[in-house]
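**Q** Based on the provided sequences and hints, a complete structural model is requested.
Chains as they are written, first to last, in the working numbering: chain A, 1 to 273; chain B, 1 to 194.
Among the hints, erroneous ones may be present.
Okay, derived cross-link-like pairs now, PhoX-like style, lysine-lysine, Cα gap no bigger than 25 angstroms in a straight line [said to hold, decoys possible]:
id: 1; chain 1: A; residue 1: Lys133; chain 2: A; residue 2: Lys147
id: 2; chain 1: B; residue 1: Lys101; chain 2: A; residue 2: Lys21
id: 3; chain 1: B; residue 1: Lys134; chain 2: A; residue 2: Lys197
id: 4; chain 1: B; residue 1: Lys190; chain 2: A; residue 2: Lys269
id: 5; chain 1: A; residue 1: Lys179; chain 2: A; residue 2: Lys21
id: 6; chain 1: B; residue 1: Lys190; chain 2: A; residue 2: Lys223
id: 7; chain 1: B; residue 1: Lys72; chain 2: A; residue 2: Lys55
id: 8; chain 1: A; residue 1: Lys147; chain 2: B; residue 2: Lys64
id: 9; chain 1: A; residue 1: Lys223; chain 2: B; residue 2: Lys191
id: 10; chain 1: B; residue 1: Lys191; chain 2: A; residue 2: Lys231
id: 11; chain 1: A; residue 1: Lys22; chain 2: A; residue 2: Lys197
id: 12; chain 1: A; residue 1: Lys147; chain 2: A; residue 2: Lys64
Derived by calculation from the structure, the hints in this document are not laboratory data.
Predicted, not measured: the structure shown is a model, and the values here were computed from it.
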Amino acid sequence: MTKAGDTRGYKRSWKNLLINKKYQLRFTLFMVGLSALLMGGLGFWIMVVANETTKVSITSERGKRCEPVPTIEAPHEEAPAPVTPMKLPEGPDGAGSQPVRPGGSKINVTLDEMEVPKPQLVIPAVPKDFGAKVVEHWTCEVSIASKVVALERGRMQILLALIATGLLLVFGLAAYGIKMTHRVAGPLFKVQLYLAKMRSGRFDKVYNLRKGDQLVSFYDHFKLAHAGIVKMQESDIERMTSVIAAAEAAGAGDHPSVVAMREMLARKKQSLE
Amino acid sequence: MLDKRLQLRYILVVTILSGLIAGALGRMIYHQQSLSTQSIEEDLFELAGGDDKDVKNITNDYEKQDRMLVYKMVGAGIGLVIILSLYLVIMTHKVAGPLFKVSMYFDRMAEGRLGNVTPLRRGDMLQDFYVNFKDMHDAVRASAAEDVVALESGLKNLRESRNQGDYRGEAHSKLAEELDLLEQHLVQRKKQLG
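**A** Structure (structure tokens):
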């Protein structure tokens with residue numbers, strides 16, 4: 001259990017996320033690299049299958065035949081009825097012709113526009129199910145086109161999903177790797193600080209880990225080791241104190257060996273403060 | 001697995017994430033393949049003009065292919081998870097190994113034993129940390145050894161002066177007793193450093 005007084009208030013910060021760069025980056029990059037490699041291989045295979053199936057499906061869809069729209073004749077103009085031969089006023093000879101004039105004939109014709117026959121517009125009859133067939137045809141065409149679009153979209157979705165999951169995997173694992181290794185590197189960093197102190201002969205108090213840190217068991221081992229060294233120093237102090245006291249009582253307090261022992265005792269006591 | 005908790009935690013998270021991604025991709029590709037099969041089946045039935053034994057055989061083959069794709073995807077997913085797990089076991093072992101070794105030395109230190117520290121295996125991680133630990137261990141050991149030498153010298157000098165000097169009575173015997181205890185203490189310490 002972590003007691004409040006045993007824990008120093010070091011807060012986590014993104015600035016010191018990479019405490020042990022070599023270990024953290026090596027571990028994370030290897031993990032991300034391998035995952036990316038495996039996912040890349042899987043993605044390549046998936047895209048090969050996706051491209052193949054999409055191509056087959058699209059070819060199949062495009063090969064479908066829709067019922068054709070029934071043809072109808074376009075509206076057209078019909079030629080007017082044949083013109084009735086013109087009747088000329090009958091002559092006195094009964095031949096019906098004007099008297100022949102010397103030097104050539106001359107006919108005077110008067111046309112009345114109202115009487116000239118005009119061409120008639122003919123609109124052919126449309127079959128009763130024509131509308132339904134047109135709708136059916138275009139529904140079929142649109143359905144094929146939309147299926148082709150859906151297939152293409154499906155292929156694109158797979159590609160985008162692959163890219164997105166690839167990025168998610170890379171960045172997710174990188175973030176997770178750094179965060180998790182930080183939880184290992186944090187306690188190691190703390191232990192390293194204590195190791196440096198112990199190396200220089202200082203065995204002062206050891207504080208607990210932060211909440212959420214890993215290597216709790218390892219840290220407990222370290223604390224026991226630290227306590228063992230402290231106990232060694234304390235037993236030395238105890239023994240030396242007794243010897244110095246006995247030497248002083250026997251009148252040998254000023255003996256150079258006792259003086260040296262006193263200095264050593266002071267050093268050992270200081271190392272525990 | 002030297003540190004199960006540490007190692008399994010990594011492995012579980014990474015493999016679950018990879019498995020989920022592989023599963024999602026597999027589902028998408030299976031969907032696309034199914035669409036293709038369905039489209040071909042429809043075409044075949046239309047061409048055959050209804051139920052036909054050969055067409056049914058062909059469609060069965062297509063469905064088998066779809067199932068094979070699912071098996072392949074499952075196989076690929078399991079392969080992915082196994083490879084990542086193995087990799088992570090090895091990688092975390094390279095971290096857990098040195099920690100395990102240092103823990104063993106810590107246990108010895110807790111008993112006051114300061115024997116020699118052997119180097120890590122090649123390829124292990126946390127080499128820098130281990131060097132720091134070894135430096136500390138060697139420094140504490142050297143300091144303890146120096147103290148033993150200094151105390152032995154003091155002990156010897158005090159015994160000689162006691163024999164030469166005019167120390168008498170209870171104080172004399174008390175000092176002799178304390179020096180004997182110090183000697184025993186130093187013998188024990190030497191054993192711990194051995």
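**Q** None of the hints should be skipped; say for each whether it holds.
**A** Results of checking the hints against the structure:
1. Between the alpha carbons of Lys133(A) and Lys147(A) the distance comes to roughly 21 angstroms, so the proposed pair stays at or under 25 angstroms and holds.
2. Distance check on the hinted pair: Lys101(B) and Lys21(A) sit about 22 angstroms apart at the alpha-carbon level, within 25 angstroms; holds.
3. Of the pairs offered as hints, the one joining Lys134(B) and Lys197(A) holds, with about 13 angstroms between alpha carbons and a cut-off of 25 angstroms not exceeded.
4. Distance restraint check for Lys190(B) and Lys269(A): the Cα-Cα separation of roughly 21 angstroms lies within the 25 angstroms cut-off, and the hinted pair is therefore satisfied.
5. About 12 angstroms separates the Cα atoms of Lys179(A) and Lys21(A), which keeps this hinted pair within 25 angstroms; it holds.
6. At most 25 angstroms may separate the alpha-carbon atoms for a hinted pair to count; Lys190(B) and Lys223(A) meet this at roughly 23 angstroms.
7. Taking the CA atoms of Lys72(B) and Lys55(A), the gap is near 21 angstroms; set against the 25 angstroms cutoff, the hint holds.
8. This hinted pair checks out: Lys147(A) and Lys64(B) have alpha carbons roughly 24 angstroms apart, not beyond 25 angstroms.
9. A hinted pair counts as satisfied when its Cα atoms are at most 25 angstroms apart, and Lys223(A) with Lys191(B) qualifies at roughly 23 angstroms.
10. With a C-alpha separation of about 16 angstroms, the suggested pair Lys191(B) and Lys231(A) falls inside the 25 angstroms cut-off, and the hint holds.
11. With a C-alpha separation of about 23 angstroms, the suggested pairing of Lys22(A) with Lys197(A) holds against the 25 angstroms cut-off.
12. Our distance criterion of 25 angstroms between C-alpha atoms is met by Lys147(A) and Lys64(A), whose separation comes to about 11 angstroms.
The structure shown violates none of the earlier numbered hints.
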